[in-house]
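Starting from the structure of chain A, add chain B where the hints point.
Read top to bottom, the protein sequences are chains A and B.
For the first sequence, this note's numbering begins at 13 and goes up steadily by one.
For the second sequence, this note's numbering begins at 10 and goes up steadily by one.
Read the hints as simulated data drawn from the structure, not as lab findings.
Incorrect hints may have been included.
A short, non-exhaustive set of chain A residues, derived as facing chain B with CB atoms under 7 Å [to be verified]:
1) Ala188
2) Ala192
3) Tyr193
4) Gln195
5) Ala196
6) Glu198
7) Ile199
8) Asp200
9) Gly201
10) Tyr210
11) Pro214
Glycine included, each C-beta is placed from N, C-alpha and C at the ideal position.
Each chain is listed here by its residues.
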Amino acid sequence: MKIRDNKAWFFVLPALLVMGINAFVPFITVINYSVLDIFRGLPAIWVGLENYQVVLGDNLFRGAVVRQVQFSFLILLIQIPLGVAIALALPKKGWTATASLVALGFPLLIPYNIVGIIWRVFTRADLGLVPLIFNFFGYEYNLAQNSVDAYWTVVAMDVWHWTSLVVLLAYAGLNAIPDAYYQAAEIDGASPWRTFLYVTLPRLRSVLTIAVLLRFMDSFRIYTEVFLLTGGGPGTSTTFLSDVLVRKAVISFDIGYSAAMSLIYFYFILIISYIFFLVLTSIGTGDSNQPPSG
Amino acid sequence: MAKIELVNVSHSYTPGEYAVRDINLIWDDAVSSALLGPSGCGKTTLLKIISGLLQPTEGDVLLNGQRVNELRPKERNIAQVFQFPVVYETLNIFNNLAFPLRNRGYPESIVKERVREIAELLELTDQLKVNANSLSAAEKQLVSLGRGVIREDLSAILLDEPLTVIDPHQKWQLRRKLKQLQQRFEITMIYVTHDQHEALTFADQVTVMDTGIALQTGSPQDLHNRPEAPFVGYFIGSPGMNIFPASLNENQVQAGDFCYELVSDLVNQVNGQDLKIGIRPEFVEISQAKDSTGLECIVDAVHLTGTSKILDLVGAGLKFKARVDETANINAADTVRAIFPTEKTMIYQNDRLLAPVQQEILL
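Just chain A, same shape as in the assembly (with noise of 0.2 Å):
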């Protein structure tokens, strides 16, 4: 079959036009903008690499990158385990497993600044249960101007959001692992923990690396909850990438930084989560494990 007279192209034109306006075309401009400078009604300025040099060496983009970092591995350290031993801890069958899943289905469901205003209610200093139970145990908790607090206060309402994620998935991978998997390892005499070692972990390493890639680019961008718990502060303390990038792109109107910026931050993105993928597909299927020696 000749690929050049192929009637089949056609077929693949739609799907082509559609990723073409919505994707092909915002890049390349973006691409245009971060060698440009341009101000209103000015011809724009060719200035090479200069926009890159500029962000590079920002101290509030580099500060939101350290943060940035910190923050999704945190979130994975977090929500990964959590997520798995909430699955283990499911029902297998009947009422109580479907009402399990729909319950943790909820927080899915909420839109993003829902949940940002959910969250700033629960922690208001004069209504909110949050503060209400660090007082009683004699913590005094503020929001507003603690940023250990905020921080945190972050990195707590993205695990109540988006843990179930993982725990949906691990549930679905855990249910794909036949029964006889436990029985050989029961009739040779694992105990529990060498059981979830050698079989289950393994057998969810697929439905795990969708979670932790879904979850580190996800928690990347992170960026309406936020704005609506925080606004990013006190201070700079939870001004993430996206905000940031709000910030210069909307609010100081500054172009040139905004793409530039914008690549960074995907390439970022891109080489994070291929690394990812390529350290969790490889884990264990070497001979790194317990080689025989001698």
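Chain B in isolation, oriented as in the chain A frame:
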């Protein structure tokens, strides 16, 4: 190694419905045996009861005379090989084989020694460092077998249709390996299968099951020559036994024009309920001579098997099959005469064998 006994074992998954019923079976030490039956007949349930993955609803499981109902699989020292090969996919072959020993806290030096020994036997020595996930189904099955035999205190190995997913050309090899291991370690092996060929070639003692009931236990010859239930006759053999519904006519059991004369002591046992006559196709004697005795039938079709001919016969109010030599010059639409030899003809009442009585066949 151990002698395994099941005493009045029944199991039901849902109340009122039995998956297996009133099973009384004994496997002697070091026997190679098979559990044969169609899918869903309860073989796997029985296997799980023996290994301890399931607790029977009723009855006892004995290992060397000791009741082990409450013991967990680990404590029963029974190994099981599953239909779909189970390996620990993040571990290499060495660590897979070492897994059961390490779980039991064996010192590393013994682990190493045992793994090398078993790997040698399974011809896996060169592949010890290979990751288990990259093996073929047959090799994986070999590794899971190895995880069983590596334990010195092993009571028995249970095999649950272990060759189902293995390529045909490797089946034979793997089965030979199984047999070898069985003889080398004198392991009690119970092999579950729905394939009569696998069961009869592997095992010295075969138990045929259907709908949760153990119908007959015996050597492959016993099952062939003297099936104690019509199902056994039909399920074993290819083609299976001819079974005719029959009726009682004074001292004769009759199916179509065929009459079977009951000997005196049998007459008292027969009540006429659900009578069946069974004869294996290979025991039907076919004659082409016009003047010979026997039932006159017409050959409806001839199937070639390579070594013999299978005839579909119609006549005397019966439809049945007969196996004749390949060289026999019989074609479709021929008229032949068929004789059912008395000593090879089975009479069943309520699906239990009545005749021929045991002595006759021993003579």
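Tell me, which hint numbers fail for this structure? 1
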